[in-house]
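Required output: the full structure, derived from the provided sequences and hints.
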Amino acid sequence: MPRSVTLLGIAAAAVAALGFVGFMPIQTLSHDEIFEIPRGTWARRMSGDKVEILPDHIRLTLGLRDILVLRNHDDVPQIFGPTLMMPGQSFRLPFERASEYQFACTAHASGQMTIVVEPNPATPWARIAWRARELLHSPR
Amino acid sequence: MRHKLLARPDSPRRLAAAVVALLLVASAQAASSPPLKAGVFDPPRQAPDFSLAGSAGHELKISDYRGKVVLLAFGFTSCTEVCPTTLNTFALARRKLGPAAADVQVVYITVDPQRDVPARLAKYLGSFDPTFVGGTGTEDQLAAVRRNYGISAEKKNIGNDYTYAHSSFTYLIDRTGRIRALMPYGHSPDDYANDLTILLKE
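Protein chains in written order, with the working numbering: chain A, 166 to 305; chain B, 419 to 620.
These are calculated hints, taken from the structure and not from any lab test.
The C-beta atom is built at its ideal place from N, Cα and C for all residues, glycine as well.
Take these hints with a grain of salt, some might be off.
[Unchecked claim] Using C-beta positions, here's what the derived DEER-type ranges look like:
1) B:R593 with A:A182: 54 to 60 Å
2) B:G577 with A:P252: 42 to 48 Å
3) B:K479 with A:P190: 48 to 54 Å
4) A:R262 with B:T556: 37 to 43 Å
5) A:P203 with B:P548: 47 to 53 Å
6) B:A537 with A:G276: 29 to 35 Å
7) B:G577 with A:Q277: 19 to 25 Å
8) A:P203 with B:T556: 35 to 41 Å
9) A:K215 with B:D521: 44 to 50 Å
10) B:G604 with A:A177: 46 to 52 Å
In C-alpha cells, the structure reads:
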C-alpha cells in the first residue's frame, strides 16, 4: 500500500476520533467534586507536617461537575473552605451559575479560596478541551 | 437483595412490582429531601448559643428563636457592599414569602463592636426591615461567637479609618436550632425564598 494512502487513513481516523470526542455529548456519573480531610490530619499538622488538602483555586463546570463536596473525616473540627466542619460532617454546595466565587478561607495563606464555575462546554472544541482536562486530572 | 431481584426476575409480575417499589422509593426520597440552593450540612449540628447585647434593647440569644427559621449573617454597619446587598436580599426574600415570613428571623452579628452599638445596629437594620435584629458585645465575646461559627473577620486600617474583611455567607438555621445550610454571598432573593419555604414546611 502506498505510504500516502496510509497517512491519509491515519489522518481520517484522527479527524473521526476528534469529531467523535467533540460532538459526542458529555455525560458524567457524578456532579460531585469531592475533597476530604483524612483522619489524623490535625495530628499531622500539629507535628509540623504541612498538609494541603483544598487548593486555593477550584474549577467546576456547570451541568457536569458543579457540586463542591467537602468531608471532614478527622477527629476534630476543621475550617475547610468557607466553613467550619465538625468531625464526620459533610458539606455539599451546588452551583447553578457560571461565575467566579470568592470565599474567605483561613486555611490558605492568601486567606481566600476561589471557585471558578465555567459554563457547560457547548462547542466541539470546548468539549474536547474538557475531556482532555478530565483525562489529565483523573486519578491513575 | 433488591439488586438480585432485579437481575433475575422470576416473573414479569415480580419485575413490575420491583419497578413500582423502586419508583415509590425514589419519589419518597425526592419528597423528603427537596434540593436547597444553599450548601447543605450532613449531619446538621446544633447552632452554638450565645448571649450578646441585642439591637432590640435586650439580650440576644440564638436559642430564643427556636420555632423560627433563622438567617444568621455577620458583618458591620459601615460595610459598603456585601452587608447592604445581603440585608436587602433578606428583606426582598421575606417579602416574597408573604405571611410565612413571620416565621423567619434575620439575626445580624457585628464584627465591629467599636462602632456598632445596639442603637446604631437597630437604626441600620431597621432601614432594611423592622423585624431584623442585631447583636454586639465585647471583642472577646464576638470573637468567641465567630470561632464557634467558623467566621473570619480581619480588621484592615485605611489611613485614619478602618474596614473589615469578613465571611460573607449566611447560615440557614432550622426551627429546631440546627445549622442546616450555608448560602454563599450573591444569591438572589428567589434562592433564599426557595430555601426558606422548604425549611418552613418542615
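Range hint compliance [Cβ, B:K479 to A:P190, 48 to 54 Å]: With a Cβ separation near 53 Å, B:K479 and A:P190 satisfy 48 to 54 Å, so the hint holds.
Supplied distance hint 37 to 43 Å, evaluated on CB atoms of A:R262 and B:T556: Distance hint for A:R262, B:T556 holds at roughly 39 Å.
Between B:G577 and A:P252, is the Cβ distance one that fits in 42 to 48 Å? holds, 44 Å
Consistency of beta-carbon spacing, A:A182 to B:R593, with hint 54 to 60 Å: Given range 54 to 60 Å: holds, Cβ gap about 56 Å.
For A:K215 and B:D521, compare the CB-CB distance with the range 44 to 50 Å and indicate the outcome. At 47 Å between Cβs, range holds.
Mind checking the hinted window 46 to 52 Å against the Cβ distance between B:G604 and A:A177? holds, 48 Å
Range hint 19 to 25 Å: satisfied by the CB atoms of B:G577 and A:Q277? Since B:G577 and A:Q277 have Cβ atoms about 24 Å apart, the given range 19 to 25 Å holds.
Could you tell me whether the CB distance from A:P203 to B:T556 stays inside 35 to 41 Å? With a Cβ separation near 38 Å, A:P203 and B:T556 satisfy 35 to 41 Å, so the hint holds.
Hint says 29 to 35 Å; check whether the CB-CB distance for B:A537 and A:G276 agrees. holds, 32 Å
Supplied distance hint 47 to 53 Å, evaluated on CB atoms of A:P203 and B:P548: Holds, at about 48 Å.
Going down the numbered hints, you'll see the structure goes against none, and every one checks out.
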